[in-house]
Amino acid sequence: MRDKRCSEEDVVAELQSGMTIGIGGWGSRRKPMSLVRAIVRSRLGDLTIVSYGGPDVGLLCAAGKVRKVVLAFVSLDSIPLEPHYRAARQAGSVSEEPWDEGLFLLGLQAAAWRVPFLPSRVGLGSDLMRLNPRLGTVRSPFDDGEELVAAPALTLDVALCHLNVSDAGGNAAFLGPDLYFDDLFLRAAARRWLSVERVVPTEDLLAAAGTEQRMRINRSMVDGVVERPGAAHFTSCVPEYERDESFQQRYAASARTPEDWARFRADWVDVSEDEYQDRRAAVAARS
Amino acid sequence: MSGSDHLERASRAEVCVVAIAECFRGDGEILANPIGTIPMIGGRLARATFEPDLMMTDGEAALVANDEAFDFSAGKVIEAYNPYRAMFDVVWSGRRHVIMSGSQIDAYGNHNFAAVGADWGRPKVQLLGFRGAPGNTIQNATSYWIPNHSRQTFVERVDVVTGVGWDRAAALGDRATRYFGLRRVVTNLCVMDFGGADHRLRLISVHYGVTEDEVRAATGFELPAVDEIAETRQPDANELFLIREVIDPLGLREREVPDPA
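Protein sequence lines correspond, in order, to chains H and R. Heads up: the first sequence begins at 719 in the numbering used here, then just goes up one per residue. Heads up: the second sequence begins at 2 in the numbering used here, then just goes up one per residue.
Some hints here could point you the wrong way.
Said to hold, decoys possible - Short, incomplete list of chain R residues facing chain H, as computed with Cβ under 7 Å: (1) A62; (2) F71; (3) A75; (4) K77; (5) V78; (6) A87; (7) V91; (8) W121; (9) L129; (10) F131; (11) R132; (12) G133; (13) P135; (14) V161; (15) R169; (16) A177.
Unchecked claim - Covered stretches of chain H (in silico footprint by chain R; criterion: 3 or more residues with CB under 8 Å from a CB of chain R, positions within the stretch not fixed): (17) 792-804; (18) 811-822.
Since the hints were made in silico from the structure, they are not lab data. Just so we're clear, the structure is a prediction, and the values are computed from it rather than from any experiment. The beta carbon of each residue, even a glycine, is placed where N, CA and C say it ideally should be.
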């Protein structure tokens, strides 16, 4: 088994402008934020982001890295509407390809299974059919002859996910309440990277996971592993940490004016990940 | 709280809680999935009284038996694991009644919480997105909760159709209507169903202290009514006890709909 450990910078060096990047997690929960921050610091641009969106989408939009988003929603959970995403959309600087959140699952599943689409009733009658030109319809070849919505495969150039624990080869486990759709993002992508809270020897992985039912990511789904405690900050990564609500409020408030964003960016984005983690630990210690 | 307090008039929020609970009457053993503060209390109330077979989530990845709606510090009673992926299995099999909020709703129940404005490329106001509204409306029972009934919400025409209304479903025929079922719209002023001509919204009851004219003034389209508009049912003493002491002892309901009195 190969040792796939690497740094955020190593991952970004493998990415190119114009790529379609899928990001795991859900809303403001278990997002690979250290990788997102590294993209924001990079020269990359013109990206298409595919996500159950949270601050990953907002941060990348605020930094001007995004051409198009493919998603069913963007939310910070405790703050229902993502202010940076709203600003980008209302300025017309980012285009949105809308999906239903269940149809989106079918798109990822189709890509993972290498079929062009999966059928569903979801979307019938709604404006998804008008506003998402990639959605199609398909007629059942059986006696019912029913016309259904065809969810096209959401094939990804790259998937980035954050898991709680892995080994050096990329076998990984989620320890929180929900895997979300991380396995599908990884299976739908040509290149796949994880950040994790900690890397353990393979023989200790089951003990770290607690049960094999949480060991849902195997190493054939992963090209590289970034060991970074706190990588998902300020989103939640239970049981290691809950969402940092006060930091999230600070992030949301930085959408108010260009000056607020410039200050937030200087303090919390245009710094190395080591520096970021030191600073946020210092803030946490003061409060 | 002393026993005599239970005999006081219920607050507007408490009337809304009962109106939400009534949406689930007769639903049986399905997932009641009311989204929002008062809806979550109303779902709990229905299960604790007349609809005991309902299942409800903890807002995360479990179905829980707890009567309390928000504070699980005394411990969760988990009935089943229900991560997001399983939720789609529930929705698409139809064993669910969801109550969603909305930013715009028209007379047929077409619903929008994605964006306001005519230009999708540059919306005037970017909202949540389509979320699960297309799938919810086409695959399981759906009702709506609008805590601030106004002409901004009840509009002639929604800018984006996220949740499907009766007219659009009917136009597609059986493939769209087979599992479709918009039930009710509950607001801070009244309760409506889709019993009007061609399944249009219809006023069925107004909450204590609200007039029919007030509802019409806050609605941006013609709103028919049943022959005898009732006053929305008041909670009984047991329901008030459950709401105030068990389900929502912190009184979060009063923040979502402040009492006009």
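Hints and how they fare:
1. At its closest, the beta carbon of A62(R) sits 4 Å from a beta carbon of chain H; the interface hint therefore holds under the 7 Å criterion.
2. Interface restraint check: F71(R) against chain H, minimum CB-CB distance 13 Å, threshold 7 Å, status violated.
3. About 19 Å separates the beta-carbon of A75(R) from the nearest beta-carbon of chain H, more than 7 Å, and the hint is not met.
4. For K77(R), the interface hint is violated, the least distance from its beta-carbon to any beta-carbon of chain H being 11 Å, above 7 Å.
5. Given the 7 Å rule on beta carbons, the hint for V78(R) is violated: about 16 Å separates it from the nearest Cβ of chain H.
6. With a cut of 7 Å, the hint placing A87(R) at the interface with chain H is violated, because the nearest CB-to-CB distance is about 10 Å.
7. Look at V91(R): its Cβ only gets to about 10 Å from chain H, farther than 7 Å, so that hint breaks.
8. Given hint, W121(R) at the interface with chain H, holds; its Cβ is 5 Å from that chain's nearest Cβ, closer than 7 Å.
9. Interface hint status for L129(R): upheld, as the beta-carbon distance to the closest one in chain H is roughly 5 Å, under 7 Å.
10. Interface restraint check: F131(R) against chain H, minimum CB-CB distance 5 Å, threshold 7 Å, status holds.
11. For R132(R), the suggested interface contact is upheld, since its CB lies about 5 Å from the closest CB of chain H, less than 7 Å.
12. Because the beta carbon of G133(R) sits about 5 Å from the nearest beta carbon in chain H, less than 7 Å, this interface hint is met.
13. Restraint check, P135(R) versus chain H: the minimum CB separation of about 4 Å is within 7 Å; hint holds.
14. Annotation: interface hint on V161(R) holds; nearest CB of chain H at approximately 5 Å, less than 7 Å.
15. At about 4 Å, the closest approach between the beta carbon of R169(R) and any beta carbon in chain H falls short of 7 Å, and the interface hint on this residue holds.
16. Interface restraint check for A177(R): the shortest CB-CB distance to chain H comes to about 5 Å, inside 7 Å, so the restraint holds.
17. Remark: the stretch 792-804 of chain H is confirmed as covered by chain R, as 6 of its residues place a Cβ nearer than 8 Å to a Cβ of that chain, reaching the required three.
18. Coverage of the stretch 811-822 of chain H by chain R holds. Counting CB-CB distances below 8 Å, 8 residues qualify, and the rule asks for three or more.
Comparing the model with each earlier hint shows violations of hints 2, 3, 4, 5, 6 and 7; every other hint is respected.
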